[in-house]
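Enquirer: Kindly generate the complete structure, drawing on both the sequences and the hints.
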Amino acid sequence: MTAVATPPRAVMGTRRSVTPEGQRRSWVAPLVMVVLCLLWTVPTLGLLVTSLRSREDAATTGWWTAILNPFGAGWTAENYAGALSGQGMAQGFLNSVVVAVPATILPIMLAAFAAYAFTFMEFPGRDLLFVAIVAVMVVPIQVAFQPMLDLLGPNGIGISGQFVAVWLLHTGFGMPLCLYTLRNYMATLPLSVVESAKIDGASHYQTFWRLVAPMSMPAIAAFATLQFLWVWNDLLIAKLFLSPGNATIIVQLQQLLGTQGQGEELLQAGAFISILLPMAVFFALQRFFVRGLTAGSVKG
Amino acid sequence: MSTVLAAPAGTAPAARRGGSPARPGRMVLGILGVALVAWLVINIFLSIAWFPGWYLNNRLLMAVVGILAGLGGAALLFYFANVFAESLPQRLSQGVIPYIFLLPAFGFISLMLLYPTVQTINYSFAGDRSTEYVGFDNYAAIFSSGEFWLAITNNLLWLAIVPAVTVAFGVVVALFADRLPATGEKVAKSLIFLPMAISFVGAATIWRLVYNLDEDTGLLNAIITGLGGTAQDWLRFDTARLNSLLMMVILVWLQVGFAMVLLSGAIKAVPEETLEAARLDGANERQLFFRVIIPQIRGTILTVFITVLILVLKVFDIIYVLTNGQARTNVIAVLFFQELFTAQRAGQASAIVVILLLLVLPVLLYQVRSFREETR
Chain A
0 MTAVATPPRA VMGTRRSVTP EGQRRSWVAP LVMVVLCLLW TVPTLGLLVT SLRSREDAAT
60 TGWWTAILNP FGAGWTAENY AGALSGQGMA QGFLNSVVVA VPATILPIML AAFAAYAFTF
120 MEFPGRDLLF VAIVAVMVVP IQVAFQPMLD LLGPNGIGIS GQFVAVWLLH TGFGMPLCLY
180 TLRNYMATLP LSVVESAKID GASHYQTFWR LVAPMSMPAI AAFATLQFLW VWNDLLIAKL
240 FLSPGNATII VQLQQLLGTQ GQGEELLQAG AFISILLPMA VFFALQRFFV RGLTAGSVKG
Chain B
0 MSTVLAAPAG TAPAARRGGS PARPGRMVLG ILGVALVAWL VINIFLSIAW FPGWYLNNRL
60 LMAVVGILAG LGGAALLFYF ANVFAESLPQ RLSQGVIPYI FLLPAFGFIS LMLLYPTVQT
120 INYSFAGDRS TEYVGFDNYA AIFSSGEFWL AITNNLLWLA IVPAVTVAFG VVVALFADRL
180 PATGEKVAKS LIFLPMAISF VGAATIWRLV YNLDEDTGLL NAIITGLGGT AQDWLRFDTA
240 RLNSLLMMVI LVWLQVGFAM VLLSGAIKAV PEETLEAARL DGANERQLFF RVIIPQIRGT
300 ILTVFITVLI LVLKVFDIIY VLTNGQARTN VIAVLFFQEL FTAQRAGQAS AIVVILLLLV
360 LPVLLYQVRS FREETR
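Sequence order for the protein chains is A and B.
No gaps in the numbering here: position 148 of the first sequence is 147 in numbering that gives the first Met the number 0, and each next residue is one more.
No gaps in the numbering here: position 288 of the second sequence is 287 in numbering that gives the first Met the number 0, and each next residue is one more.
Derived DEER-like restraints, expressed as beta-carbon distance ranges:
#1 Asn283/B <-> Ala283/A: 41 to 47 Å
#2 Val34/A <-> Gln343/B: 44 to 50 Å
#3 Leu155/B <-> Val41/A: 26 to 32 Å
#4 Leu38/A <-> Arg368/B: 35 to 41 Å
#5 Ala279/A <-> Ala276/B: 44 to 50 Å
#6 Met216/A <-> Leu55/B: 32 to 38 Å
#7 Leu30/A <-> Phe142/B: 47 to 53 Å
#8 Phe282/A <-> Leu212/B: 33 to 39 Å
#9 Glu284/B <-> Pro123/A: 52 to 58 Å
#10 Leu55/B <-> Gly124/A: 45 to 51 Å
#11 Gly183/B <-> Gly73/A: 32 to 38 Å
#12 Asn283/B <-> Leu38/A: 27 to 33 Å
If you're looking for bench data, these hints aren't it; they were derived computationally from the structure.
Quick reminder that beta carbons are idealized off the backbone N, C-alpha and C, glycines included.
Expert: What follows is the structure, encoded as structure tokens:
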């Protein structure tokens with residue numbers, strides 16, 4: 000969490016040492032934080048423990064009994080084996096990857112060119128168009144369901160149910176945020192670099208590729224992390240626009256949650272599997288993710 | 000596609016910028032290039048949808064082809080559009096290029112967000128199958144339905160509680176984490192931030208284990224019976240909207256990490272001198288917090304508040320998955336889903352979305368206004 004722990008004017012330590020009431024308060028902060036950290040981790044721990052217990056154990060005793068008596072608990076990985084084979088969650092996981100990776104990458108280049116125009120070019124209507132982007136970011140995606148189901152469905156161009164439909168939708172829905180994030184970042188780049196490229200006779204197209212796109216990589220990574228988590232964790236679009244065979248793991252989980260009791264033990268294992276990849280992406284790219292949150296924290 | 004790429008480089012090696020007269024050859028090349036690339040990309044994407052057999056029914060292959068066609072297509076499209084623009088006389092060219100750069104992005108936004116918004120408003124005045132206009136009948140129907148007002152009330156309840164509680168927790172965590180040793184701060188923040196990576200569906204699965212009806216396996220019931228109380232079916236317990244409150248806990252749990260990250264950055268950026276000056280004036284910790292720190296992080300607090308507010312207006316997954324709006328927990332987004340897909344009443348469903356749009360409108364105007372102030 001480097002980006003969080005080392006902000007511009009961090010004065011940690013000094014602030015503590017000069018606090019007049021420091022002595023008296025010193026135990027409050029650790030105590031509060033330990034309690035909060037427990038509250039924030041125990042539920043997830045419960046899922047992990049439950050997913051590793053047999054169906055009978057999980058149905059008769061609480062997961063915490065397994066923690067209190069770890070050696071008599073009878074740990075098992077069969078829920079994971081069951082989830083991956085029987086319920087086809089391996090397929091669901093693959094489907095999630097096939098949905099999320101293109102849907103993350105596709106909006107970037109289109110948005111980057113537009114962001115370049117907004118940042119480095121003067122043209123009539125520029126401010127108005129950008130205000131439109133700010134406004135559109137807040138529009139709820141629910142507006143799109145019926146019109147897009149008509150347009151992409153059998154009465155339209157007939158791609159609903161296929162991955163392509165979901166890629167297109169996420170590209171459209173992610174576009175305002177991507178444009179906004181990239182423009183805000185490009186605005187912080189030194190204008191002189193672009194100016195001197197212009198004097199050297201480079202076209203805007205060349206300037207974009209040789210200078211601005213490489214320099215914007217941190218913002219692109221920030222958006223990509225945000226968009227990946229958003230698409231991976233999405234339920235609505237995947238549920239409505241993917242055929243059952245193409246269902247993502249999140250949709251499969253939702254269906255399992257609907258069938259009360261049936262496959263309960265697979266549900267916990269499946270949920271944990273669905274969390275693993277975003278968690279890994281999150282930890283690997285946390286720095287960029289935090290920056291993305293800070294840059295464009297409002298999305299419709 | 001490589002032949003397409005090679006053509007312009009070979010035919011026009013001397014094409015440097017700066018010449019102002021129009022060059023019809025380059026212009027034709029640009030137009031043809033744009034048309035050809037657009038045609039190719041559209042057909043590649045359609046073929047992935049229509050003829051999965053061409054891709055051996057291999058999903059990963061489709062994803063790779065999709066990415067390549069999308070990225071390569073976009074790059075070539077801009078390339079040829081640029082060739083076209085540069086073939087125009089200088090002044091015209093400078094005027095056209097910005098719009099060429101904007102066009103694809105705005106095309107997507109228009110198709111996926113603007114057109115549907117207009118169409119939804121249009122549908123909200125049409126019948127169940129959107130085949131004939133019915134005037135304001137849909138609005139009359141939803142306004143006279145108890146379920147709609149229940150959903151609105153619940154949404155307002157979510158709006159009143161979740162953003163404020165999230166911000167409050169975010170401030171508390173940011174403030175106390177700041178007083179921990181560096182390693183402790185890092186670990187604590189990571190643990191609280193972690194749920195940000197978890198989907199609503201995953202979070203619902205996690206919290207179902209806490210709210211489970213069974214007193215032997217449900218954590219909350221185990222604690223309550225352990226303290227001598229009686230076990231409850233918490234998600235159906237609608238006295239004082241307790242079940243809704245318990246689902247709000249899930250959203251707060253997911254979002255506090257986000258609030259903390261932004262607020263922590265803001266708190267750390269509060270200049271030490273202002274704190275020092277207040278201390279010299281004899282301010283205690285409480286006064287320091289409320290009179291010095293809070294006013295300086297107001298902007299960030301508002302940003303977090305608005306972000307969570309927008310999220311809460313559209314809250315769907317948690318309620319849909321856990322109660323499906325039963326036991327008096329319904330909200331607008333779930334009601335919309337039920338109307339559109341379960342009841343098959345497209346007109347009323349659209350009217351509900353229009354109401355949702357109207358609820359979002361003040362936030363939208365606020366966003367636009369504060370953006371304008373920022374850039375002024």
